[in-house]
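Chains as they are written, first to last, in the numbering used here: chain A, 1 to 112; chain B, 1001 to 1114.
By construction, these hints were calculated from the structure, which means they are not laboratory data. The structure displayed is predicted, hence computed values, not measured ones. All residues carry an ideal CB built from backbone N, CA and C; glycine is no exception. Incorrect hints may have been included.
As the list claims (entries may be wrong) - Derived contacts from chain B toward chain A, CB cut-off under 10 Å, selection only:
no.: 1; residue: Q1037
no.: 2; residue: R1044
no.: 3; residue: L1045
no.: 4; residue: Y1048
no.: 5; residue: E1052
no.: 6; residue: G1053
no.: 7; residue: Y1064
no.: 8; residue: T1086
no.: 9; residue: A1092
no.: 10; residue: F1104
no.: 11; residue: F1105
no.: 12; residue: L1111
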Amino acid sequence: SQQGEEDPQALSIQEGENATMNCSYKTSINNLQWYRQNSGRGLVHLILIRSNEREKHSGRLRVTLDTSKKSSSLLITASRAADTASYFCATQITGTASKLTFGTGTRLQVTL
Amino acid sequence: NAGVTQTPKFQVLKTGQSMTLQCAQDMNHNSMYWYRQDPGMGLRLIYYSASEGTTDKGEVPNGYNVSRLNKREFSLRLESAAPSQTSVYFCASREARLGYNEQFFGPGTRLTVL
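Chain B extracted, bound-state conformation (with noise of 0.2 Å):
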């Protein structure tokens, strides 16, 4: 098993430009999320998906958008990147049963705005 994976790895964008990141995950989870991590700043929420069919915004959602495409890929797009969205992306899954906290997370993806 694969666990999490999330492509691209790397990524320089210019102001203005829109990327979608990649998020996929064979475990057969049903929730998925996606943080962002900043120097000194720890992980924080953009958004999640607690279900296939549903999403709802986390800590910081602004600027980004997101699609649970099925049970397997959930992806966050940025429509027009700002330098200060340069981060470090990170996918996680979650298998949503009673009993079962644990998030499994991915490589992350490195993004650098100009």
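Chain A extracted, bound-state conformation (with noise of 0.2 Å):
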């Protein structure tokens, strides 16, 4: 079964509009990432967090973690045409320090 799931699993807003996606995931994790998929192509790597970090910002990405509630999201602000992508949480588990298991993924639609 998957570790992560997201929500929504799908989402539509305007450009210049904020997009939040929620990743949850079931067990304890050393850090939590997303990733940015375009589509047929690969995925790229946005940002990482780690499980005693509580916030953390990239550019016009921020990223929340809540380890209490086994929980992540994603905030794209002043969303942009080219955002339109799928995105997906990962987590690396406690003790597999080499896997990544990934949840469903979110897809954005950001239109004109």
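Dock chain one against chain two, each of which comes alone in its own frame, and use the hints as you go.
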């Protein structure tokens, strides 16, 4: 079964709006990462947050992590059409140094 | 640098045929991974190689074999393809040092088994 479940499965917003995606997971983690996948392409790493961190920023991205609720959120501010993609959370589970477990993804559509 | 490269990009097989998916990385990474991606399922780990000379099963290894040929190359073999193996296959690599957790992905191989 998937370690990560993302919500919503699909999101459609207009350019300039903010987009928020959520990820829930089941077991103790070392870190949680977010990846983007453009249609027909491989995944690209966006941001990593460690289990002892609560919030992290990178450009227009803001990630939060609540280990007590086993959940994370990715906020993309002032979205652009180029942000249209699928977004996946991935967890590195405690004791599995090499492996990531991916969620099912959120498909984001940003319209002009 | 090319990053992670995969060949072929597309492949159509008949049930029972065999094939090898090739993956190479030029970033001197220690760890390499094979995933499959099916609609609505996210990515699932098939096999991985934490370092040259080692391979381990992931979440869905049945029907697959792997070879870590050298530090650069990690191949995935389907000995007798089945329609259930129709999927998009991604190879990834990672520098296995403390603090380096990001995985770098190839462009994928789209495989159809008839």
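Verification of the hints:
A least Cβ separation of about 9 Å between Q1037 of chain B and chain A falls short of the 10 Å threshold, and the interface hint therefore holds. Against a cut-off of 10 Å between C-beta atoms, the interface hint on R1044 of chain B holds, since the closest Cβ of chain A lies about 8 Å away. For L1045 of chain B, the shortest C-beta to C-beta distance to chain A is roughly 6 Å, which falls under 10 Å, so the interface hint holds. Restraint check, Y1048 of chain B versus chain A: the minimum CB separation of about 6 Å is within 10 Å; hint holds.
Annotation: E1052 of chain B was flagged as interfacial toward chain A, and the flag is violated, the nearest CB pair being 13 Å apart, outside 10 Å. This hint is violated: G1053 of chain B has a C-beta 14 Å from the nearest C-beta of chain A, more than the 10 Å allowed. With a cut of 10 Å, the hint placing Y1064 of chain B at the interface with chain A is violated, because the nearest CB-to-CB distance is about 16 Å. Interface hint status for T1086 of chain B: violated, as the beta-carbon distance to the closest one in chain A is roughly 16 Å, over 10 Å.
About 8 Å separates the beta-carbon of A1092 of chain B from the nearest beta-carbon of chain A, less than 10 Å, and the hint is met. Taking 10 Å as the C-beta cut-off, the interface hint given for F1104 of chain B holds, the closest approach to chain A being about 7 Å. Given hint, F1105 of chain B at the interface with chain A, holds; its Cβ is 4 Å from that chain's nearest Cβ, closer than 10 Å. Against a cut-off of 10 Å between C-beta atoms, the interface hint on L1111 of chain B is violated, since the closest Cβ of chain A lies about 14 Å away.
Going down the numbered hints, you'll see the structure goes against 5, 6, 7, 8, 12, while the others check out.
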